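Trainee: Sequence:
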Amino acid sequence: MSLPARLKWRVFGRSLFLQAGFNPEGLQNLGLVYALLPALEHLYPDDQARALAVRRHLATFNTHPYVAAAIIGGVVFHEERIARGEEPPAAVERFKDALMGPLAALGDGFFWLSLKPAVGASCAALVPLIGAWAGLVFLVVYNAVHLWARLYFFFLGLSRGDGLLVRLGELRLPRWSERLRNLAALCTGGLGAYLAVAFGALADPERAVALSLATVGLGILAYLAARRAVSPYALLYTAALGAFAWGAAL
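So that you can map any letter, position 107 of the sequence shown is 106 in numbering that gives the first Met the number 0, and since no number is skipped, the others follow by simple counting.
Calculated from the structure, these hints are not laboratory results. Keep in mind it's a predicted model, so treat the numbers as computed, not measured. Heads up, some of the hints might be wrong.
Ranges between beta-carbon positions, derived for each pair [stated by the list, open to error]:
hint	residue 1	residue 2	range
1	Arg83	Leu223	51 to 57 Å
2	Arg54	Leu223	51 to 57 Å
3	Glu177	Arg5	38 to 44 Å
The C-beta atom is built at its ideal place from N, Cα and C for all residues, glycine as well.
Please build the complete structure, drawing on both the sequences and the hints.
Mentor: Printed below as a string of structure tokens:
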């Protein structure tokens with residue numbers, strides 16, 4: 000037994016509300032069951048069998064909300080096989096337990112710590128050119144990327160089940176995360192140089208060039224620090240102390 004296309008799209012649409020049922024006991028479990036319910040109703044017409052299927056997904060569930068789409072798709076893949084009698088119910092529980100932690104780390108590193116800062120810094124650098132429209136560009140670009148990723152992850156899990164891990168490894172998301180962090184550092188340094196020139200020229204034209212060169216240097220240091228995995232907090236504190244010292248000397 001397999002799901003018709005319309006039900007697959009319903010499950011994906013409901014997966015976007017995974018966080019809506021967040022609770023301190025089961026974390027994302029209610030959102031998971033809400034997403035899976037159309038599939039479970041189709042796969043298990045018998046009330047008792049459906050109740051058992053729902054109950055096994057009420058266990059604690061917590062992972063990155065974007066990459067969770069891959070797990071939800073994989074759960075549907077396994078539930079189809081369970082409904083056909085091809086594997087035991089424990090298989091889907093092992094699948095969830097094995098992927099929650101690793102995919103949470105993968106999603107946090109790529110989306111929270113790399114993609115969002117990179118898109119944010121790039122759009123901040125566009126403010127001098129397009130003004131407040133940069134905020135709209137950020138919303139459009141970031142949401143377009145993460146929605147496409149969620150759709151891709153969902154159908155990847157739906158079609159490959161456990162095999163989705165092989166494809167996720169081929170995407171090399173950690174390498175892309177490093178590139179995005181470098182882009183964020185570069186854009187931040189460039190924006191800082193522009194602001195130094197703009198405001199420095201207004202305050203003291205003679206010192207504007209020196210200030211801009213110092214800011215560019217800070218941007219280069221930020222880039223090198225990101226490549227060497229230096230703590231961003233250490234860099235920020237060092238930059239702040241240097242700025243205070245320079246300001247006191249001027």
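Trainee: So, for every hint listed, does it hold in this structure?
Mentor: Evaluation of the provided hints:
{"no.": "1", "hint": "Arg83 / Leu223: 51 to 57 Å", "result": "holds (55 Å)"}
{"no.": "2", "hint": "Arg54 / Leu223: 51 to 57 Å", "result": "holds (53 Å)"}
{"no.": "3", "hint": "Glu177 / Arg5: 38 to 44 Å", "result": "holds (40 Å)"}
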